[in-house]
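Q: Assemble the whole structure, with the sequences as input and the hints as a guide.
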Amino acid sequence: MTAVFDIEALQVDLPLGGALWPRLIGKAAPRLNILSDITLSIASGESLGLVGESGSGKTTLARAMLGLMPASSGTMRFEGAPLGSRASFTALRRQTALMFQDPVASLSPRMRVGALVTEPFVIHREPMGNRRERARELLETVGLPAAIAERFPHELSGGQARRVCVARALALTPRLVLADEPTAGLDVSVQGEVLNLMSGLRDRLNLSFMIISHNLAMVRHVTDRIAIMYLGRLVESGPTAQVFANPRHPYTASLIAAEPHPDPRRRRDDLAIKGEIPSLLQRPAGCEFHTRCPRATDRCRVEPPALRAIAPGWQARCHLAEPEPT
Amino acid sequence: MSFAAEEITEELPPPGRSALGQLLRDPMGMTGAILVITFIILAIFAPLLAPYDPIHIDVRHKFQPPNLAHWAGTDQLGRDMLSRLIWGARVALGISMTATGIAGVLGLLLGLVAGFGPRWLDAVLVLFFDSFSSLPMIMFALAVITVLGPGIPTLILVIVLVSVPGYGRLIRAQTLALKGADYIQAERTIGASSARIILRHLLPNVVGPLVILLSMDIPVVIMLEAGLSYLNLGVGPPTPSWGNILYDGYTSLRSAPYMVIAAGIPLVLCTLGFTFLGEGLRDALDPKLKLRAAR
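Protein chains in written order, with our numbering: chain Y, 650 to 975; chain L, 3 to 297.
Be a bit skeptical, because a hint or two may be false.
[Stated by the list, open to error] Only part of the chain Y face toward chain L is listed, based on derived beta-carbon distances under 10 Å: (1) Arg712; (2) Pro731; (3) Leu732; (4) Gln750; (5) Met760; (6) Leu969.
[What the hints assert, rightly or not] Reference excerpt, derived from the structure (chain L facing chain Y, CB under 8 Å, subset only): (7) Asp60; (8) Phe118; (9) Gly153; (10) Gly182; (11) Ala183; (12) Gln187; (13) Ala188; (14) Glu189; (15) Arg190; (16) Thr191; (17) Ile192; (18) Gly193; (19) Asn207.
Read the hints as simulated data drawn from the structure, not as lab findings.
Virtual Cβ for every residue (Gly too), placed ideally from N, Cα, C.
A: Written out as structure tokens, the structure is:
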């Protein structure tokens with residue numbers, strides 16, 4: 650499998666507010682490190698799940714991938730071509746689509762649905778034939794009636810708006826779709842429909858997906874590989890089935906253990922994480938998870954762990970993670 | 003995974019009407035439109051509609067109360083008030099609409115540039131806006147008129163300079179608020195250029211409040227013109243303007259109160275007309291308010 654998108658040692662920082670004064674006196678502005686040392690690749694036709702608590706940097710990663718946030722260091726490649734210049738991101742945006750968390754808010758409020766779904770053609774000067782006809786086709790692909798084309802975004806229900814976003818994302822048959830919480834705010838049946846729709850299109854068009862979610866059950870169901878983020882770092886990434894069966898990082902294990910289970914009599918073991926996610930302003934020394942880790946040792950408090958290979962395509966950032974016996 | 007189109011057959015709202023149709027449906031906006039159009043017709047066809055020459059002096063018939071020959075009476079020099087008021091609409095609308103129009107366009111451009119452009123440019127423009135709006139308006143107007151001499155072009159210049167900062171700041175604030183909105187980011191991710199984002203996605207969403215502000219400011223400008231003419235700094239005699247007619251009426255308020263009343267009525271109607279039109283436009287231009295209005 651060839652990689653569609655490659656990220657190597659990506660780091661994203663934000664200048665902290667009030668950067669004027671340090672700049673005047675010639676000092677480097679204080680920066681807040683949001684993402685650090687992210688190495689990840691998405692293969693063609695693969696769907697990758699990106700999981701982590703709120704504030705762990707999932708959305709930032711998606712935005713950085715499309716150049717909405719400047720990378721401080723590291724390299725990104727799309728189908729082998731390095732990304733960095735403005736032109737490279739413009740070319741990239743023709744081939745990718747980002748679905749935002751809030752579908753209604755991500756549609757321009759004064760444009761009708763028909764104009765919105767066909768806008769990518771206009772922007773990239775792609776031939777689309779009759780605009781009305783093309784809008785009808787696109788809406789049909791996502792199971793919406795043609796009459797919706799006349800509506801404004803605020804006249805749509807959450808599920809309809811989500812489908813309109815899918816239609817818009819798929820208008821130019823991208824190679825990669827980044828979906829930020831594609832099921833947030835939908836009821837369960839609509840969630841299922843949207844996911845089925847996405848996976849159906851994936852099979853048909855050989856798309857790659859990166860799905861950002863809190864919903865572990867969903868990620869387990871629809872993704873091939875999973876990457877877990879904590880405080881802006883990847884703590885574990887590997888094949889979904891294997892990671893769920895035998896998580897190597899204690900954080901992954903806690904997330905999976907914290908998942909609700911349909912059996913009310915089943916007791917949870919107390920691996921569930923305690924406390925809050927630490928502040929990005931004061932990252933803990935050593936392993937950043939040691940403050941909440943049930944298995945932390947003295948070594949964890951001092952020495953930051955590197956990513957360790959568990960098996961081919963499976964890595965964990967933990968001193969205690971042992972390679973899979975071969 | 004089968005969702006046929008039939009699954010979503012909930013009632014679709016009637017397709018959105020055009021902004022104009024929406025405006026005409028709203029009684030308030032309709033009233034405003036009628037008043038404004040009437041005044042514009044009066045202003046344009048003043049030479050045809052005015053029954054007398056507005057500057058023809060006929061001292062024998064001075065201070066006549068309204069009668070069949072002079073519907074609005076005559077002033078202290080025997081000039082026909084109705085004709086003077088109709089010609090006055092020309093001055094009032096000509097000055098106020100030109101000035102607010104220029105100021106609105108300038109404010110819109112500067113505001114968009116300040117809100118969307120680089121930070122240093124924003125800082126420069128905000129400094130400009132703030133320093134201009136810190137000047138007391140009447141004092142500033144007096145200073146400019148003293149330097150350039152009274153007259154209609156000077157009046158327009160003063161009004162533009164005084165109102166651009168307010169419009170610019172409004173648009174800048176709107177732009178800043180929308181710049182981070184999801185849909186603007188979404189437009190970026192599908193590859194839209196900055197020009198397209200500004201013109202197709204920011205402009206329609208920031209222009210609504212500006213249109214309302216402009217249409218509500220037109221009456222203010224008419225009053226300002228009237229005020230400056232009253233101080234003999236605006237439109238000089240014998241050209242009729244609502245301001246100097248009011249001034250003439252004020253000096254003879256005791257002997258001929260109908261003069262102030264006659265000059266006040268068009269001012270009030272014009273003010274109301276533009277205000278109603280502004281509110282009607284706001285409702286008509288905002289698709290989110292359409293549903294409410296349709297009910």
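Q: Can methionine 760 of chain Y be said to touch chain L, with a Cβ gap under 10 Å?
A: holds (8 Å)
Q: Hint check: is the beta carbon of glutamine 187 of chain L less than 8 Å from a beta carbon of chain Y?
A: Constraint on glutamine 187 of chain L satisfied, holds at 6 Å.
Q: Closer than 8 Å between Cβ atoms is the bar; does phenylalanine 118 of chain L clear it against chain Y? Give me holds or violated.
A: Violated: closest Cβ of chain Y sits about 15 Å from phenylalanine 118 of chain L, beyond 8 Å.
Q: Let me know if the C-beta of glutamine 750 of chain Y comes in closer than 10 Å to any C-beta of chain L, holds or violated.
A: holds (8 Å)
Q: Can we keep the threonine 191 of chain L interface hint, with Cβ of chain Y closer than 8 Å?
A: holds (4 Å)
Q: Report holds or violated for the interface hint on leucine 969 of chain Y, using the least CB-CB distance to chain L and a cut-off of 10 Å.
A: Status violated, d = 39 Å.
Q: Hint isoleucine 192 of chain L vs chain Y: min CB-CB distance below 8 Å?
A: Given a least distance of 5 Å, the restraint on isoleucine 192 of chain L holds.
Q: Would the hint on glycine 193 of chain L stand, with a C-beta cut-off of 8 Å toward chain Y?
A: holds (4 Å)
Q: Holds or violated: is there a CB of chain Y closer than 8 Å to the CB of arginine 190 of chain L?
A: Given a least distance of 6 Å, the restraint on arginine 190 of chain L holds.
Q: Interface hint check: arginine 712 of chain Y, Cβ to nearest Cβ on chain L, cutoff 10 Å. Holds or violated?
A: Check passed: Cβ of arginine 712 of chain Y comes within 8 Å of chain L, closer than 10 Å.
Q: May I ask you to test the interface hint for glycine 153 of chain L with respect to chain Y, counting a Cβ-Cβ separation under 8 Å as satisfied?
A: At 41 Å from the nearest chain Y Cβ, glycine 153 of chain L fails the 8 Å test, so the hint is violated.
Q: Quick one, is the proline 731 of chain Y hint okay against chain L at 10 Å, beta carbons?
A: violated (18 Å)
The structure shown violates the earlier hints numbered 2, 3, 6, 7, 8, 9, 10.
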